[in-house]
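A.B. asks: What follows is each chain in one-letter form.
Number of protein chains: 2
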Amino acid sequence: MLTKIPTSTLKRLPQYLEVLNQLRRAGLKEVSATKISVFADVHQTLVRKDLAFTGIENIPKQGYRIKDLIKSIEACLNWSDTSPCFLVGVGHLGSALLGYQEFSQKGLSIIAGFDNAPQLIDTVVHGIPVHSVLEFTSMAKQKNIRIGIITVPPEAAQLVADIMIHSGIRAIWNFTPQKIQVPPGIIVEYVDMFASLAVLSRRLAETG
Amino acid sequence: MLTKIPTSTLKRLPQYLEVLNQLRRAGLKEVSATKISVFADVHQTLVRKDLAFTGIENIPKQGYRIKDLIKSIEACLNWSDTSPCFLVGVGHLGSALLGYQEFSQKGLSIIAGFDNAPQLIDTVVHGIPVHSVLEFTSMAKQKNIRIGIITVPPEAAQLVADIMIHSGIRAIWNFTPQKIQVPPGIIVEYVDMFASLAVLSRRLAETG
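Chains A and P supply the protein sequences, listed in that same order. Letter by letter, the first sequence follows residues 48 to 255 of my numbering. Letter by letter, the second sequence follows residues 48 to 255 of my numbering.
For the record, the hints were derived by calculation from the structure and aren't laboratory data. For clarity, every value in this text was computed on a predicted model and none was experimentally measured. One thing to keep in mind: the hints can contain errors.
A pair holds if it fits inside one copy or across any two, identical chains being indistinguishable in the list.
In silico BS3-like cross-links for lysine-lysine, where the CA-CA straight-line distance does not exceed 27 Å [as the list claims (entries may be wrong)]:
| # | residue 1 | residue 2 |
| --- | --- | --- |
| 1 | K114 | K96 |
| 2 | K226 | K153 |
| 3 | K114 | K190 |
| 4 | K226 | K114 |
| 5 | K226 | K96 |
| 6 | K118 | K226 |
| 7 | K58 | K226 |
| 8 | K108 | K82 |
| 9 | K226 | K82 |
| 10 | K76 | K226 |
Looking at chain A on its own, in the form it has when it is part of the complex (with noise of 0.2 Å):
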């Protein structure tokens, strides 16, 4: 059993992989946590802190070796591996995820959309097939699948979460404002873009 680690944490390694991905194409081999603090926006003290999770080792005087570090947070991330995993909702935001590159790197591979509208099925997305909703279960136990993505209309979120757990989904990424329930030891995250929104507008808003 791995170690938990604080979701403040989880929440910025991405940003600091992003940083150490750039100052290794722009050529740098190491790198201190102060800069890393810069870069990233980060007080220093948290991004010691906060790369102390992954492991890593801090050469005194040199700081951190980019490659390594790199390597570090992504295995801390489960990042290096990468995982199966179906969505559900084929329109906008779903078919866009599904032609997104970036998730190869991430450690997700989305293998297979799904939806009900008949003109969807069995047409093949940026390059991923998809399936009628019906064929999910099926299809999840048989490739054995763990982790899930939703982009239907919040309104049917909650029954394609069902679907999703009773389809063996441990994990499960949520991209509508529906709060779903799930059972103890499922996993759900949200990309609640509305609440970023709404933060947005009323400053906006506020500031006159």
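Given the coordinates of chain A, work out where chain P should sit on it, guided by the hints.
C.D. replies: Relative to chain A, chain P alone:
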């Protein structure tokens, strides 16, 4: 000048809105804070506190009138008016956002996309015209655009943000994991998918 509402409250308001719209579609006219609490999975004390920020009145023994509560949340988020906005980066994700119908109900109307790829310039994506990034400044000033969406690769995010601010943009909705530096008074909100994916991936690995 409007009161500053806490970020955590603002992030929960869209969730309540979702619940209220579903109850309204189901034919209900009134709702209690307790009921909203159950559906939104937020403690009822917090629901009452959040809703008080919108200025709505709680009718004793009846709770809230759903229609009025929806109106006052939308007014509070400035979602009753529609603000025109520009998007830069018409890749998979950018294209999806251009076609995302939901924004129009959340006070946002993307009226143009911008990219530097010749094959995209002067095309129409999901009914929205796409222009060269070189035209951003003159068009933004002409139409008095205050909101900009960034969906470019992370390494281009800061440059695009600089162009936006130079063009009079006051609020930036950043869909890249790249932290951007802005002068005081400019609002930046992030939709960081990878932060959420990091938590999902690690938690799944932790549970084994």
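A.B. asks: Each hint: holds or not?
C.D. replies: Do the hints match the structure? See the list:
no., hint, result
1, K114 - K96, "within (19 Å within a copy, 48 Å between copies)"
2, K226 - K153, "both (25 Å within a copy, 19 Å between copies)"
3, K114 - K190, "neither (33 Å within a copy, 46 Å between copies)"
4, K226 - K114, "between (39 Å within a copy, 22 Å between copies)"
5, K226 - K96, "between (32 Å within a copy, 20 Å between copies)"
6, K118 - K226, "between (34 Å within a copy, 22 Å between copies)"
7, K58 - K226, "both (20 Å within a copy, 13 Å between copies)"
8, K108 - K82, "within (13 Å within a copy, 58 Å between copies)"
9, K226 - K82, "between (38 Å within a copy, 14 Å between copies)"
10, K76 - K226, "between (44 Å within a copy, 22 Å between copies)"
The structure fails hint 3 only (numbered hints given earlier).
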